[in-house]
Amino acid sequence: VLPPGSHNDHERWRDCLTKLCSKYLGPESPQPKEDSEKLPLPTEVQLAALQVRVEERRKRVLDLDLDLSTLSKREEKMRRVAEDDPLLQKRSREDFVQCLRQVRGRIGSIQEEEFNDGLDLSGFVEKLKGVLDEVT
Numbered sequence: 072v073l074p075p076g077s078h079n080d081h082e083r084w085r086d087c088l089t090k091l092c093s094k095y096l097g098p099e100s101p102q103p104k105e106d107s108e109k110l111p112l113p114t115e116v117q118l119a120a121l122q123v124r125v126e127e128r129r130k131r132v133l134d135l136d137l138d139l140s141t142l143s144k145r146e147e148k149m150r151r152v153a154e155d156d157p158l159l160q161k162r163s164r165e166d167f168v169q170c171l172r173q174v175r176g177r178i179g180s181i182q183e184e185e186f187n188d189g190l191d192l193s194g195f196v197e198k199l200k201g202v203l204d205e206v207t
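Mapped onto this note's numbering, the consecutive letters of the sequence shown carry residue numbers 72 to 207.
Heads up, some of the hints might be wrong.
What the hints assert, rightly or not - Here are the simulated lysine-lysine pairs, BS3-like style, with alpha carbons at most 27 Å apart:
hint: 1; residue 1: Lys144; residue 2: Lys200
hint: 2; residue 1: Lys148; residue 2: Lys200
hint: 3; residue 1: Lys144; residue 2: Lys130
hint: 4; residue 1: Lys198; residue 2: Lys144
hint: 5; residue 1: Lys200; residue 2: Lys161
hint: 6; residue 1: Lys148; residue 2: Lys161
hint: 7; residue 1: Lys144; residue 2: Lys161
hint: 8; residue 1: Lys148; residue 2: Lys198
Since the hints were derived computationally from the structure, they do not count as laboratory data.
With the hints as constraints, model all of the structure from the sequences given.
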């Protein structure tokens, strides 16, 4: 078995080593393993990876719990406001959604119009859009 002529020819070196191993160690010598046959990671590494995943899940659960709490408080506040106002009690949720959609459409048309009287309503329109986005 002769070594390859170039030290950069990795494939030939690998073949040379395989031939030498089979010649001196016998045909039962282990062949180079493919990627799918790699040894499993050490238990310490697996444990550390699982602990990281547990912490990520724990953080995600806490974030979702905070979001749920915030949304529940917002809903409760909106319900109290609706109960205190007799006009709101007479309207359905669909009525409010339809009204807000109409307002949003009118805001868009107001922005597109040019005012001849020199009034600048762009700040007001932007604030109103922000409020509508929060409500819907």
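Q. Where does the structure disagree with the numbered hints, that is, which hint numbers, in rising order?
A. Hints that this structure does not satisfy do not exist here, as all of them hold.
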